[in-house]
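Trainee: Start counting the sequence shown at 811; every next residue gets the next number (the numbering used here).
It is worth saying that the hints were derived from the structure and are not from the lab.
Among these hints, one or two may not hold up.
To be verified - Cβ pair distances, simulated, as ranges: (1) THR955 x GLY831: 23 to 33 Å; (2) PHE839 x LYS866: 28 to 38 Å; (3) ALA835 x VAL897: 49 to 59 Å; (4) ILE838 x GLU976: 44 to 54 Å; (5) ALA835 x PHE913: 40 to 50 Å; (6) PRO855 x ASP878: 14 to 24 Å; (7) ASP969 x PHE857: 17 to 27 Å; (8) VAL877 x LEU972: 39 to 49 Å; (9) LEU816 x GLN905: 21 to 31 Å; (10) LEU972 x LYS941: 40 to 50 Å; (11) ASP899 x ASP969: 24 to 34 Å.
Quick reminder that beta carbons are idealized off the backbone N, C-alpha and C, glycines included.
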Amino acid sequence: MNKQELIEKYEKLEGVCKDPGAEIARLIFLEDLRELDELQKVQVPQFVADWYEANKDDFETNLFRAVDLIPSDYEEGDLSEFEEWLVDDHTEPFQTLVNMHQFGYEVKKERQYTVKMRTTKQPLFYNSLEKRLFFSLGKLATQFTFKQLEEAGFREVFDSPLFEVEEVEG
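Using the sequences and the hints given, assemble the complete structure.
Mentor: So this is what it looks like as structure tokens:
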């Protein structure tokens, strides 16, 4: 039974008990029920959501397999992003995955950035047809995640005085 069903159940009991004390208790209980916080869905990175969606039908077995593969993948220097997340000291991967499985989840919105050359104000643009990056002569600017910039070899734009990096709002 969820919160809304419980509220509806006690709303239907109005007038059932003629004792004024019982009616007051019912109203107070309903008020408290309405104020209860709903469980917050777990927020996870996209790669965790992708792993979960691919493995949720046999969740426990697939999680065991993922953990079991870590030592051999680690020795080969071939940990996936998901496996790195599983062994990261700063995450609570098992609790997070179980909560995802029980209560649902939302994908974290990754911060996005635009990059401009400081002197010319030319924005960095990704041409998806040619699959290449260049500084645009116009106002064409692409929004990038940190990971996209890093993978494209543009990690240094965050620390270089030659570039302006702006976080995109919304």
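Trainee: Confirm or reject each hint.
Mentor: Hints, verified against the model:
1. THR955 x GLY831: 23 to 33 Å: 59 Å, violated
2. PHE839 x LYS866: 28 to 38 Å: 36 Å, holds
3. ALA835 x VAL897: 49 to 59 Å: 51 Å, holds
4. ILE838 x GLU976: 44 to 54 Å: 51 Å, holds
5. ALA835 x PHE913: 40 to 50 Å: Violated, at about 30 Å.
6. PRO855 x ASP878: 14 to 24 Å: 22 Å, holds
7. ASP969 x PHE857: 17 to 27 Å: Distance hint for ASP969, PHE857 holds at roughly 25 Å.
8. VAL877 x LEU972: 39 to 49 Å: Holds - the Cβ-Cβ distance for VAL877 and LEU972, about 44 Å, lies within 39 to 49 Å.
9. LEU816 x GLN905: 21 to 31 Å: For LEU816 and GLN905 the Cβ distance comes to about 26 Å; the hint holds.
10. LEU972 x LYS941: 40 to 50 Å: 24 Å, violated
11. ASP899 x ASP969: 24 to 34 Å: 25 Å, holds
In terms of the numbered hints stated before, the structure departs from hints 1, 5 and 10, listed from lowest to highest.
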